[in-house]
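So the chains spell out like this:
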Amino acid sequence: MLSLLCAFAACAPQSDPQPPALLISAKTIVVAPDLVLTDGRLLLRGGKVAAVGASVPQEVGPDVHRVDLGDATVVPGLVVAHTCLDAERDLAETVTAYTPELRAVEAYDPYGKGVAEMLAGGVTAFGIAPRSANTLAGLAGAVKTDPRAGSVLRNESYLLAAIVPEALDQQRFPTSRMGALDLVRTAFRTAAGPLAAQTPDREVLRDVLSGALPFVVHARTHDEVARALDLADPARDGVLAGSGARLFLLGAGGAHRAVDRIAALAAGVVIEPLHPGLAPEALALPAALAARKVRLAFSAGSPRELRVSAALAVRHGLPRAAALAAMTAWPAAMLGIDDRCGTLHQGKDADLVVFDGDPVDLGARVIAVCLQGHPVAGDPGLLARD
Amino acid sequence: MSRARLDRPRPSGAHPRLLPSVPMRLFAAFAVSLLAPLAAQPLVVLNAGRLITMAGPDAENVSILIENGRIRQIGTFPTPWNARTIDARGKVVMPTYVLAHTSGGMRGANENLANVPYLTVQDAVDPSSKFFQECLRNGIGTVHVIPGNRTLIGGQGLVCKPYGQTVEDLIVRGRGGLKVSLYSEAGGALIQVQRLRRALDEVRDHIADFERRKKEFEAEKAAGATDKKEFDGRIDPTKQPVVDLLQGKNVAFLYVPDAPRLVEARRLMREYGFEAVLVVGPGTHKAITQLDGLEFPVVLDGDLEVWEKDPVTGKSEKVCLGARLYERGVPFALDVSTGLNGAERFPWWQMATLIRNGVDRATAMHAFTTVPAKVLGIADEVGTIAVGKRANLQILTGDPLAATTWVDTVLLDGEIVYERDKDPRLQYLFGVSQETDK
Amino acid sequence: MQRSLLTMLAAAVCAAGGIAQDQVLVLRGGEVRTAARQDYPDGTVVLHRGKIVAVGGPEVTFPKGARVIDCKGKVVTPGLIDAGATFGVRPNDRNEQGDEVTPQMSILDVVHPDDEGFARARESGVTAVRLIPGNRNVIGGLGAVLKTRGGTVAEMLVSDRVGLRVAMGSEPSAGNRAIRGGVPLGLFVRRPTTRMGVVWEVRRAFSAAQKYREARTEAKDTPPDPALEVLVQVLEGDLVVHTTARAEQDIRTALRLASEFGYRTVLDEATEAYRCIDALTAAKATCLLGAPSAEQVTGGGAGDGARPRWHTAALLAQAGVPFAIQTGTNLGSRSLVHEAMFAVRFGLGPDTALRAITIAPATILGVADRLGSLAPGKDADVVVWSGDPFDPTTVPELVLVGGEEATP
Amino acid sequence: MSRLPCWLISAAAVGAAAAPAQPPSSPAPAPDLVLAVGTVHPVSGPSFADGVIVLGGGRILAVGPRGSVPLPDGVPVVALPNGHAYPGLVDACTDVGVPAGGFGEGSAGLEVAPGVDLDAHSCRAMPAGGITTWHVLPAASGRWRGIGALVRAGADGGELFGESARGAVFLRLVGPAGQHPIVRQKELTDLGRPFEEAESYAKAVRRHGEAVAKYEKDFQAWLEAVRKGGNGKARTGGGEGDAAAAQEGGQAAAPAGPKRPTYPKAPPPDPAKTALVQVASGELPLWIEAQRRDEIEAALALVAERRIVNACLVGAQRADTVLDEIARSGVAVVLTPSLVPVELDGEPVADTLAAELQRRGVPFAIASGDGRRARALPLLAAACVAHGLPEEAAVRAITLTPAQLLGIAAETGSLEAGKRADVVVTSAPLLRSDARVLRVLRDGRTIYQGR
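Those sequence lines, one after another, are chains A, B, C and D.
Position 346, counted from 1, in the first sequence is what the numbering used here calls 346; the numbers after and before it change by one each time, with no gaps.
Position 383, counted from 1, in the second sequence is what the numbering used here calls 1383; the numbers after and before it change by one each time, with no gaps.
Position 292, counted from 1, in the third sequence is what the numbering used here calls 2292; the numbers after and before it change by one each time, with no gaps.
Position 25, counted from 1, in the fourth sequence is what the numbering used here calls 3025; the numbers after and before it change by one each time, with no gaps.
Chain A on its own, in the form it takes in the complex (with noise of 0.2 Å):
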């Protein structure tokens, strides 16, 4: 069935390089997480969003296809914050530990088997990140969800960095966390000296320390998470501390204890995928730290790790809204592609997932997936002109 839809979601765009404009109305319509219409309209035109709610006009002209999709929940196309999908093997150069300059798209296969898996469920963008086998690992990049070449949107959207075990090996530099901990310093020490000679390395670390790159942690236990915090944090005099860097935690499943460091020194969290045998604080912790203002994202493989990691979290305390703006919004902030996706404001890429029900419950199914205007995924008939 999959690779159906694979086949399905490949051929589709090339066969109407235009797609048709669209008048979608529906029960729910999701502009964006604080934004909610009811028995809403929702114009696209030219891969873009032409117009919501009431801004659409009353007649369209005759080329517009209308789609009533009755109380069905249209919601902005879904964004995963990290993924390694599976070109494992390619993203992590394991000769050294120390590789920031490495790019995570160009081991992207626009064509790969997860892809279509990830638009089939409604994602349409999400973040690709090299492994957490370096410390620092390298950047991640953003791409659509979209066979096409071309499809990258963002070449360097942040620096990963990992001081979880299974970025140690016992067999180089560093074997240990001490270790780990002592080469990001001394990195952004050495980049940020003034003898530094100019390499591609040292330009990553320095766009860091500017803030135009967000800064990735890879922590899961509460001492890795308060250690990840150091480095932003005056008080223990850590490298990131006074410059204009973005540190975002990905994992942080142990820090329930350090929430309220994690809002006063962290720009964001994302979860690792969540699952049932977690340990209640590890599950409560989406909760805890929405209750304290901080942004969260989710890693997820497949569109149903996001899903269930959205729902294990509402499970546990996560409002719904907040479920749904880090599986949307923030997550295409964080990435630096709230320009184009996330929200289906005006102007907006045409990218947008309708479902049966709300996509937080584990019931909701999939619908139709629409990719810059063009229906991609679930019931082909229904968004296109027949």
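Rather than coming from a laboratory, the hints here were simulated on the basis of the structure.
Misleading hints may appear alongside valid ones.
Listed below are several chain C residues computed to face chain A (Cβ distance under 10 Å; list not exhaustive) [said to hold, decoys possible]: (1) I2107; (2) V2110; (3) D2221.
Capping the alpha-carbon separation at 27 Å, the derived lysine-lysine pairs in DSS-like fashion look like this [unchecked claim]: (4) B:K1215 / D:K3265; (5) D:K3265 / B:K1221; (6) D:K3186 / B:K1215; (7) B:K1221 / D:K3186; (8) D:K3203 / B:K1221; (9) D:K3203 / D:K3214; (10) B:K1228 / D:K3259; (11) B:K1091 / D:K3228; (12) B:K1215 / D:K3228; (13) B:K1315 / D:K3214; (14) D:K3186 / B:K1214; (15) D:K3203 / B:K1229; (16) D:K3259 / B:K1215; (17) D:K3228 / B:K1221; (18) B:K1214 / D:K3265; (19) D:K3217 / B:K1228; (20) D:K3228 / B:K1214; (21) B:K1286 / B:K1315; (22) B:K1239 / B:K1215; (23) D:K3217 / D:K3186; (24) C:K2072 / C:K2051; (25) B:K1239 / D:K3217.
Here are the simulated distance ranges between beta carbons [to be verified]: (26) B:H1206 / D:A3213: 19 to 25 Å; (27) A:Q170 / B:E1275: 52 to 58 Å; (28) C:A2066 / B:E1185: 54 to 60 Å; (29) C:R2256 / A:A235: 39 to 45 Å.
The beta-carbon is built from N, C-alpha and C at its ideal position, and this holds for glycine as well.
Since the structure of chain A is provided, determine the placement of chains B, C and D on it from the hints.
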């Protein structure tokens, strides 16, 4: 440098005799050489500064008259002209400790076959083992050596004293038990219980069949169908110890590692109606009610304090089974570990550990003397100092529970079998010479 | 610089901890063993805001409304200090094996505040510990002294400049394989593979540090090297070396290296110190003794061939060699007070034994200004024992860390 | 419902095994608690708003909309106006309570109940997930794994369901990936053999009984004969050995009179065969773990060949390829779905299984199969809804159906008068993500209360 310069506690009056250090394997020979004169004069008088009898109030400055290895008189009396006196004034005299269950002192504690009831420790025990020397060093005078926990029905135990040259020297009257163990590698728990069931069923059928044949023989004899006078059917000798167990002529020492197994153990005892001394691991505290109303006191294994992690809170709490049993009023005996490092090999430390966990002093001390004696069915012989009992005594430099106290002299059956000043191992551990440890 | 900042913050936090219970706390009527000059059979200890305000006999006065705890029949001592704690760090994080010489590593980066070891030590009367990198490197990194209370490293930290780990003996070379031509496969094909090699690594590192120091004094713009910076601090006497040396030969080597480069060293786990007391007194060296009750060295140090003696502590005390007793890597099973108890059993005087787990480690670790004895101005780290601490049946009934009750 | 009878059989049989604290037949006890909740989902019937549940003596005394049932007075009332009441969830197959290392070497007769670690953290976590009863999979090695255990949730640790707590006999047909076809074929053919052996065993046992009776008669007769015939000594001496010898001698000397009978040999006791006999008689359910098509087909063949009335497929990931056969065979299915996509032999497993089984009227339960998923049992059901399963069917698959498959439907699985008072109250419809468990009652006792 001379040891005299150390402020190490030593017997008052006794001068340090700096003997050349001797390999441990000659250790036994020492004591022998020194009890030679003693054999000639059967009467011994021991003058104690403080006497802890474990059978009533302690006494000050009393003497004990020992004849042929037994205690004949306690109190103040004129020293017989032919008696040899041992001066323990200013010191503490108490009964030697009793171990109710240990696998120390033998080579190869576990047979690699599971069901070997016909084996006996008597064939494996090693009179010159380091463990026995360590026992004397720590004032342990009676040990029940029994196969280890890694079998099913491991064989017959042996009650012995940790001193002598041949196995025969070691043997002491007392009820050795049949080792039965519910220990299993991870995953084997159920199988182990099932195997034990099968083994017991087999024996039960064997007995039934035997009884049937016996009955029929009587019938045949009555009918004159046989010319035999006596029934000559036999019980399978390899099954005999278990048969005895099921017929109440033998007692099992049943090792139970954890709570689920404890429940099973009690069920088995009910179903098959045999008596067992339960040797319990720390994990059994979860089913502690199962330890009420037992025929015999239970025996705790070496580690008295364990830390259990609560997976919910992630915090781990200290569990001391001995203290829990004390609260419930369940009598128990203590054991020591058989290693060379770690304080768990010292009775005084084991008792102190219980006291730290809230057990009172008397209970702790009985757990190494009278209770194990009861377990082994020799309460009338050892465990306390009383007229008529074996003269198994230890002379301590101070209170038995003080860290600074040392076992100075040990008497078994009235013979001096250990003297601290002649202990080569202590001379090694308190020396600075380069010679290596044997 | 940064570190001192850290320490200040930690201090502030401790104070804050005290303010929470602003009330004055008085321990009255116990036998107070201060581990300082004078003991008080009927003593009084007054605590306020996480600090000790007054120590003395019955005459000591305290404000009305103070919370008075009756300690009659009990013994009050300073909080114990374990100079050889081996918990609080995950095994792989204890050594950075990427290189033999990693002086800039700090144990603070890998301390695991949730480790139960802290709670257990605390419940046994230990209020502060030294944590330091392991012995798998020749030069392992920087150690720290932490309180056993507080959820985060910052709250627990007392001092992070307590010593630089250097290791002698077999451990640093264990697992390394000789290079002997061919391509080096894997991390552990490298020097050192022998005791000689270990010493050679130390020499090389410190002579490099000497050159670096000269270069820096001549040319101010030499790029800073964090690793050599640390070694330079050692050479300039700002930092003490903690050398793990168990066997006699290793102890002598450690002393030789120290005199060669003129740095101060503490001898860690000096099992065979009893064999070279002359050398120790001559070099004015200080020792940390692990697990006095051991009859043989176990664990990683077994390869050193060191043979313990039961009266080592007593001998050092007689010879006047300053030493502290630690639980050490040999036998972590028992609590610190019981290790000291065994030293007493083996002939050490009780007073010396108490000092060996309080003021002595505090002095050796350079935190005696805050910890180690009951004196006004010091942190309110106090233990109330049910009796003589060296009686095996005694338990700590009240443990105060920074004036806060730490017993559950 | 062609297979209703087989449920009744099992219900009777195992219901007896799991002896209820108090059989529903006995005179109704006094009510001791009233639950008043916003919505009641009895599962056995349609849901209704503003309902009350009257509990007493650990049982449900009455269920219905307010007003329809008489409210006893002087009885404490727990009012949860926004709550949704469901029967306590039943996890048909999970490893909660399996000790580390499993149960070792399996066999059809291995009852795992005594080995279940009822104090395990996973057991204590079950009430928070709304689960009041679960079936511990006999995680033992070998093809015949053993007899699962029925466990009831408690405030602190689980409790065995009844004295024996016997669940179903597990037969594992799932082979390793990439097995050679020939090996597979060999593995999956003549699965009936053990049943035949079990039958002959049962015969042997019966025969032995008769033989013993006969022996005793013959022995007495022989004694009589000897008494009459005077000098029996010539012919025999005491004991069977001599008897045998005497017989040989007898041939030689050819004396008259009967020979001493010999005692018949008893067949060795065999719990495994005993269990299979009970399976054949429908007294014990047979649960067959089968994933791939050939495994499922082999299982169905076995059920048909031995006419096993009370059989059930476990796992059945490839059931989508043999749906009609399953529907025809009359076996039930226990699905152990995963929240994330799973693959078998590199091919994705269809998510629509539950829906398809539902369409064909095959009774099926949704089980966690794995303790880590158990607490999210409702989410597992919700995930199936996303692939076309009606919501009420999904709820039934984690309550009533598993109870029926395990033969304890007379005790639990729905909110009906007479059943045990196992109730879960949630803050929203069970399958919604934001449904919090407010309160869990087992046998009328509150074993969990959510914040």
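Going down the list of hints, with the structure as the test:
1. I2107: Since chain A brings a Cβ to about 7 Å from C:I2107, closer than 10 Å, the hint holds.
2. V2110: Cβ of C:V2110 sits 5 Å from chain A, so the hint holds.
3. D2221: holds (7 Å)
4. B:K1215 / D:K3265: holds (18 Å)
5. D:K3265 / B:K1221: holds (24 Å)
6. D:K3186 / B:K1215: violated (52 Å)
7. B:K1221 / D:K3186: Cα-Cα ~58 Å, so violated.
8. D:K3203 / B:K1221: Distance of about 36 Å is beyond 27 Å: violated.
9. D:K3203 / D:K3214: holds (16 Å)
10. B:K1228 / D:K3259: Holds. B:K1228 to D:K3259 sits at ~18 Å (cutoff 27 Å).
11. B:K1091 / D:K3228: violated (84 Å)
12. B:K1215 / D:K3228: holds (21 Å)
13. B:K1315 / D:K3214: violated (67 Å)
14. D:K3186 / B:K1214: It is violated: about 51 Å lies between the C-alpha atoms, which goes past 27 Å.
15. D:K3203 / B:K1229: violated (40 Å)
16. D:K3259 / B:K1215: Roughly 19 Å between the alpha carbons, so the hint for D:K3259 and B:K1215 holds.
17. D:K3228 / B:K1221: Within the cut-off at roughly 14 Å; holds.
18. B:K1214 / D:K3265: holds (17 Å)
19. D:K3217 / B:K1228: Distance of about 24 Å is within 27 Å: holds.
20. D:K3228 / B:K1214: holds (23 Å)
21. B:K1286 / B:K1315: Satisfied, since the Cα-Cα distance of roughly 17 Å is no more than 27 Å.
22. B:K1239 / B:K1215: holds (21 Å)
23. D:K3217 / D:K3186: With a Cα-Cα distance of about 48 Å, the restraint between D:K3217 and D:K3186 is violated, given a limit of 27 Å.
24. C:K2072 / C:K2051: holds (22 Å)
25. B:K1239 / D:K3217: violated (31 Å)
26. B:H1206 / D:A3213: 19 to 25 Å: At roughly 22 Å between Cβ atoms, D:A3213 and B:H1206 fall inside 19 to 25 Å, so the hint holds.
27. A:Q170 / B:E1275: 52 to 58 Å: holds (55 Å)
28. C:A2066 / B:E1185: 54 to 60 Å: holds (59 Å)
29. C:R2256 / A:A235: 39 to 45 Å: holds (42 Å)
The structure fails to meet hints 6, 7, 8, 11, 13, 14, 15, 23, 25 from the earlier list, while all remaining hints are met.
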